[in-house]
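J.: Given chain A's structure and the hints, the job is docking chain B onto it.
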Amino acid sequence: KAGVTQTPRYLIKTRGQQVTLSCSPISGHRSVSWYQQTPGQGLQFLFEYFSETQRNKGNFPGRFSGRQFSNSRSEMNVSTLELGDSALYLCASSTGTSGKETQYFGPGTRLLVL
Amino acid sequence: KQEVTQIPAALSVPEGENLVLNCSFTDSAIYNLQWFRQDPGKGLTSLLLIQSSQREQTSGRLNASLDKSSGRSTLYIAASQPGDSATYLCAVPLPGANNLFFGTGTRLTVIP
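Residue numbers (this note's numbering), protein chains in the order written: chain A, 1 to 114; chain B, 1 to 112.
Next comes chain A alone, as it looks inside the complex:
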């Protein structure tokens, strides 16, 4: 079975721009969660999508949004980029049974905002 894939792997943007990141979950997984990892804050939960619906949301501003398609692939969008958005963005997939199963992470997208 193929693992979780994320594209692109690296991105460089400037302040004020917007960016879209993509995540393809493991086949058969319906839940996709997004996390932001920074040296200062560690790993923080952004949001989770399950069957095309946002099921949970972390404490991030509205500039961070996402969606999920019928094939479970998910995209995350960040508008009006700020320097502090520079981070490793990770997505994780699972079957979707709340909190009871292993989550599998992708390799991440490293975003640098200049």
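No wet-lab data here; the hints were simulated from the structure.
All values reported here derive from a predicted model rather than from experimental measurement.
For each residue, glycine too, the CB sits at the ideal point set by N, CA and C.
Where hints are given, some of them may not hold.
[Unchecked claim] Mimicking BS3-like on lysine-lysine, the simulated pairs with C-alpha atoms at most 27 Å apart in a straight line are:
(1) A:Lys13 to A:Lys57
(2) B:Lys68 to A:Lys100
(3) A:Lys13 to B:Lys1
(4) B:Lys68 to B:Lys1
(5) A:Lys100 to A:Lys57
(6) A:Lys100 to B:Lys1
(7) A:Lys100 to B:Lys42
(8) B:Lys1 to A:Lys57
(9) A:Lys57 to B:Lys68
(10) A:Lys57 to B:Lys42
[To be verified] One side only, chain B facing chain A, incomplete, derived with CB under 10 Å:
(11) Val13
(12) Lys42
(13) Gln81
(14) Gly83
(15) Ser85
(16) Leu100
[Stated by the list, open to error] Anything over 12 Å on all C-beta distances counts as not near chain A; from chain B, calculated:
(17) Glu15
(18) Gly16
(19) Gly41
(20) Thr45
(21) Ser46
(22) Arg55
(23) Arg61
(24) Asp67
(25) Asp84
(26) Thr109
(27) Ile111
T.: Below, chain B alone, put in the same frame as chain A:
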């Protein structure tokens, strides 16, 4: 709010040594606890998942234990190797949800 703490933040050991990494959490109402490994600049690799009804899980040289009542978990690594060098993270799910609270991690260096 769930808080997850990992001590120590960094650990250096000579090759071949057995070691223990610690994870503590404040809210014991958890379904499970998961241990991950992260190599520099990379994603997370799941190592072990312990369900709340279990006390231990083993995979090769790794053994994880869970004590819900005291809010603690340990990851035991036997006969450490240089390839074990990485950051180790523990994580617990939010009650009734699928998203994880992560600890701050322990950076392990195994010296050849």
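J.: Decide, hint by hint, whether the structure agrees.
T.: Taking the hints in turn, this is what the structure says about them:
Note on A:Lys13 and A:Lys57: the hinted pairing holds, with a Cα-Cα distance of about 25 Å set against a maximum of 27 Å. Between the alpha carbons of B:Lys68 and A:Lys100 the distance comes to roughly 15 Å, so the proposed pair stays at or under 27 Å and holds. At most 27 Å may separate the alpha-carbon atoms for a hinted pair to count; A:Lys13 and B:Lys1 exceed this at roughly 34 Å. Our distance criterion of 27 Å between C-alpha atoms is met by B:Lys68 and B:Lys1, whose separation comes to about 16 Å.
This hinted pair checks out: A:Lys100 and A:Lys57 have alpha carbons roughly 18 Å apart, not beyond 27 Å. As the CA atoms of A:Lys100 and B:Lys1 are separated by approximately 19 Å, the hinted pair is consistent with the 27 Å bound. About 25 Å separates the Cα atoms of A:Lys100 and B:Lys42, which keeps this hinted pair within 27 Å; it holds. Between the alpha carbons of B:Lys1 and A:Lys57 the distance comes to roughly 15 Å, so the proposed pair stays at or under 27 Å and holds.
Restraint check for A:Lys57 and B:Lys68: the C-alpha separation of about 26 Å stays at or below 27 Å, so the hint holds. The suggested pairing of A:Lys57 with B:Lys42 holds, with an alpha-carbon distance near 24 Å, which does not exceed 27 Å. With its C-beta approaching chain A no nearer than about 23 Å, B:Val13 sits outside the 10 Å limit, and its interface hint is violated. Because the closest C-beta pair between B:Lys42 and chain A is about 6 Å apart, less than 10 Å, the hint holds.
A least Cβ separation of about 23 Å between B:Gln81 and chain A goes past the 10 Å threshold, and the interface hint is therefore violated. With its C-beta approaching chain A no nearer than about 19 Å, B:Gly83 sits outside the 10 Å limit, and its interface hint is violated. Hint on B:Ser85 is violated. Least Cβ distance to chain A is approximately 19 Å, over the 10 Å limit. For the restraint placing B:Leu100 at the interface with chain A, the shortest Cβ-Cβ distance is roughly 7 Å, inside the 10 Å limit, so the hint holds.
Under the 12 Å C-beta cut-off, the non-interface status given to B:Glu15 relative to chain A holds; the minimum distance is some 28 Å. Remark: the non-interface label on B:Gly16 is consistent with the geometry, its nearest Cβ contact in chain A lying 30 Å away (cut-off 12 Å). Not every beta carbon of chain A lies more than 12 Å from that of B:Gly41, the smallest distance being close to 7 Å; the non-interface claim is violated. Not every CB of chain A lies more than 12 Å from the CB of B:Thr45, the least distance being 7 Å, so the non-interface label is violated.
With 12 Å as the threshold on Cβ separation, the claim that B:Ser46 sits away from chain A is violated: the shortest Cβ distance comes to roughly 5 Å. With 12 Å as the threshold on Cβ separation, the claim that B:Arg55 sits away from chain A holds: the shortest Cβ distance comes to roughly 17 Å. The Cβ of B:Arg61 lies farther than 12 Å from every Cβ of chain A, with a closest approach of about 19 Å, so its non-interface assignment holds. B:Asp67, annotated as away from the interface, keeps every beta carbon of chain A farther than 12 Å; the closest lies near 19 Å.
Annotated as non-interface, B:Asp84 keeps its C-beta farther than 12 Å from every C-beta of chain A; the closest such distance is 19 Å. Taking the minimum C-beta to C-beta distance to chain A, about 18 Å, the non-interface status of B:Thr109 holds against the 12 Å cut. The claim that B:Ile111 lies off the interface holds: its Cβ sits roughly 24 Å from the closest Cβ of chain A, which is beyond the 12 Å cut-off.
When the structure is compared with the earlier hints, violations turn up for hints 3, 11, 13, 14, 15, 19, 20, 21 and for no others.
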